[in-house]
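Visitor: Could you use the hints to bring the two separately framed chains together as a complex?
Taken in order, these protein sequences are the chains called A and B. In terms of my numbering, the first sequence has 8 at position 8, counting the first letter as 1, and numbering is strictly consecutive. For my numbering, add 1000 to where a residue sits in the second sequence, where the first one is 1.
Please note: incorrect hints may appear among the correct ones.
[Unchecked claim] Which residues of chain B face chain A? A partial, calculated answer using Cβ under 7 Å:
{"#": "1", "residue": "1005"}
{"#": "2", "residue": "1128"}
{"#": "3", "residue": "1131"}
[To be verified] Now the stretches of chain B that chain A is said to cover, found in silico as 3 or more residues with beta-carbon under 8 Å:
{"#": "4", "region": "1048 to 1058"}
{"#": "5", "region": "1140 to 1154"}
Keep in mind the hints are simulated off the structure, nothing from the lab. We put the beta carbon where it would ideally sit given N, CA and C, even for glycine.
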Amino acid sequence: MSRIRVIVPGLESSVQDLGRFGWAHFGVSASGAADPLALRAGNLLVGNAENAAGVEMTLVGAELEFESAAVIALTGSDFGSGLPLWTPVEIPPGGLIRCTATRGGARCYLCVRGGIQAPKIMGSASAHLMTGVGGGRLRKGDVLAIGDAAIRRPRKPASGFPSWSPTPTLRATAGPQAEWFGEELYRHAYRVSEESNRMGLRLRGPALTGLAAHMISEGVPLGAIQAPPDGQPIILFVEHQTTGGYPKPANVISADFWRLGQMRPRDEIRFERVTIDEALRFLQRQEEWLYSL
Amino acid sequence: MTIRPASDRALLVEFDRVISPAANAQVRSLTVALAGLRGILNLHPAFASVLVEFDPRLVAHDAVEALVRERAGASSEPDADDRLIEIAVRYGGDGGPDLEDVARHAGLAAEAVVKLHSSATYTVYFVGFATCFPYLGGLPEALATPRLSAPRKLVPAGSVAIGGSQAGVYPLASPGGWRLIGRTRLPLFDIHGEPPALLRMGDRVRFVPVKGPER
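If we strip away everything but chain B, and leave its shape as in the complex, we get (with noise of 0.2 Å):
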């Protein structure tokens, strides 16, 4: 584990370098350790690092670096709340127009891709970047798609999506350069929630095919 300053009120805790699932536990573990303590103001885990952010006027620096190293060492267990959310996708069509793309990419038929993506078992590694937006590691490798070389200026709410090897699914319509195979109505952001976000760090994630005209 390295802390270093990013700025007057924050520092970035990083455990590596690379994607890897035992870095990312270790950024969920420190990211619940140290959710609503004095003087944090937020939490930004990502893959293997978490920028925490906090008041200068209330804690210094080196105050939250030793809370840091105080929490970061507490606990590794899992939460005991390990959830699987199901999520039912309409591949192709309107709502998906790159599956065809992707399936050329892979050598496949369009049914393969879909079979092959929710076949598999996915990882939320953070919830970050935009409003709610899943970065969800575990999407077969013959799956992964470059992104588009000009982004979308516009991507549905509910688009699901896949960049390079990553999969996620875009919870409001926003420009975007992944590629879309598919369309969800389950709603990942509601802020009246609590939380708001349907998808949080740790959850593991299954799409599922689902048929007919979109209502």
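The following block holds chain A by itself, in its conformation from the complex (with noise of 0.2 Å):
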């Protein structure tokens, strides 16, 4: 079996596939890449099925040694490793891949043909970095074993792929508690927080103002837009609680969701409503690109 070892772990490395679903009724969240289009794509293009485990490299990457020959793709945000992205790329044995600070977003992806081979957890190998379930950051000197469950030949150079922004515009829809809010949320630019990590991305802007009204818990799906009693919105991402009692003004779309995975810190991000139907017909087209790979 082939192996990579992690000669440097980055800042926040961790073996993702698209994550660990059916367990929110025990409180479980999916977790998984936080960029799933960059993590699809960089499967496909290698020629694994697209929930196969990779590595995902957050701002700052990873150096990672191949023990032999394998087919890799980076995708996501360049981390100035000097590898073209959205390719299928050929490493020789011993070959060595040296990523370093983000060029872009906050995220690069390495996927490698054959999958990373992690043992399954409830399902999945993504590792849920709060508590630790499937594993947690990589460490220096830990080896990767490469899997072997490439379906077909590796693609061509992928194009059209999704080009990331500083200042990028969230498109969402209205969440359960939307007619509480104002206009805020649509008006105004907001700020990420240095807070936020993969459970939640913490705004700083114009306070939310609405309703105080009194709200049990309910279930929060990935995405939703929540609102504190300070107004200051937090956005659930992978890592998410299942259930929470902020009332939710909005939910990002699922075609955005890639977004969420590649904001930085100090990002400049505003937000657009649009409808179910229209959210739909993205996520449709997204797909579209994603299978012309």
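Guide: Pasting the structure below:
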């Protein structure tokens, strides 16, 4: 079995697939790739099933040594490795991939032909970093096994891949308590706070004001925009709590989940209101691009 | 029952806007009825609502809504496997640093708090928020105590706690603002367990005081 050795782990690198679904009724959120589109594309490019496990790197990437020849794809943001992104690349035996600080968004994915072979805990290889379920951050000296889960030949380099911006517009549909709120969310820019993590992206900007009505805790989905009492929005991210008692004016659309994974502290974001039908059309278009790879 | 979209991949099914055993029974029944259906990714039961997360590429909002309406009415029979789980607790000491505060708030002696807390039978309203965290109904009213004004940065796993009129147990070490009155060694979460959670919705729970030093 071929292996990858972690020479330098980077800031927050971990093994991720598309997440651990079916456990929310036990309080376990899905986790999974913060930018699922980049992981899926990377897997398809190297000939894997889209949900194979890869390495997610955050802000500062890893240095990885390949024991044997491998085919990889780097997707998401450019972490200065000198290798082309969104392209299958052959790595020679002993090859070293040296990622550094990001030159774009928050995350870069390394997908390897055959997938990272990691034990599936509750159906998924994804590390849930806040609880340690499924593993934690990669550390210096860790060894990752490459699996044999490739299902087809590597693909041609991708074109038309998603383009990152430090001032993204996130499209959102109405949340369950949308009628409690005014228009602040859509009128102003919000800055991503340093306190953000895989549980939640904390924003700073004009406070959301609304009804100070009491509500009991209810289930909350990925991308929900919560308004706590101080009015500073929190976007629930991949390791989010499964229930919450704060009202939610809006929810980021599925087609923009990848943007959440690329948002860095201090990025400035805006929100645009869309209908559910529009959101599903954007998703359809994105899926068509993905399957054109 | 009201059903409305929570996102482009989730519907919120609400049975009530207050905590009630009747609404919670409907929550439990619907959660069981929807488990494992095609396209359903996750079910988030809570006090009086269920959030149904689905894959919009496989099923549409109106199809999921129709499914919910069909299944919600289908059965309200409680499960045959109602369980009573006993949780051994060492009250007070290092594991229960807030026992005296709860006693003071209740105007009771610490022993009386332990007696009251361990004589009630609780019901698991739902498991949620954090990994395997049980929301327990049935706390004797006298023991209701406001949360800490500033949450602790680290609450140890197994901490038996009171948050307002709710009782709970922290399954994993985590930040938390509930009042800690004791600690159990019984694991509430086992990643290799099937299921991984000790407590499920609808379970009844009793706390049994244990004496002596923590092993």
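Visitor: Hint by hint, say whether it matches the structure.
Guide: Comparing the hints with the structure gives:
1. 1005: 6 Å, holds
2. 1128: Nearest chain A Cβ about 4 Å off; hint holds.
3. 1131: 5 Å, holds
4. 1048 to 1058: holds (count 7)
5. 1140 to 1154: Contact hint for the region 1140 to 1154 of chain B vs chain A: violated, 0 residues under 8 Å.
Checked against the numbered hints listed earlier, the structure breaks hint 5 alone; every other hint is satisfied.
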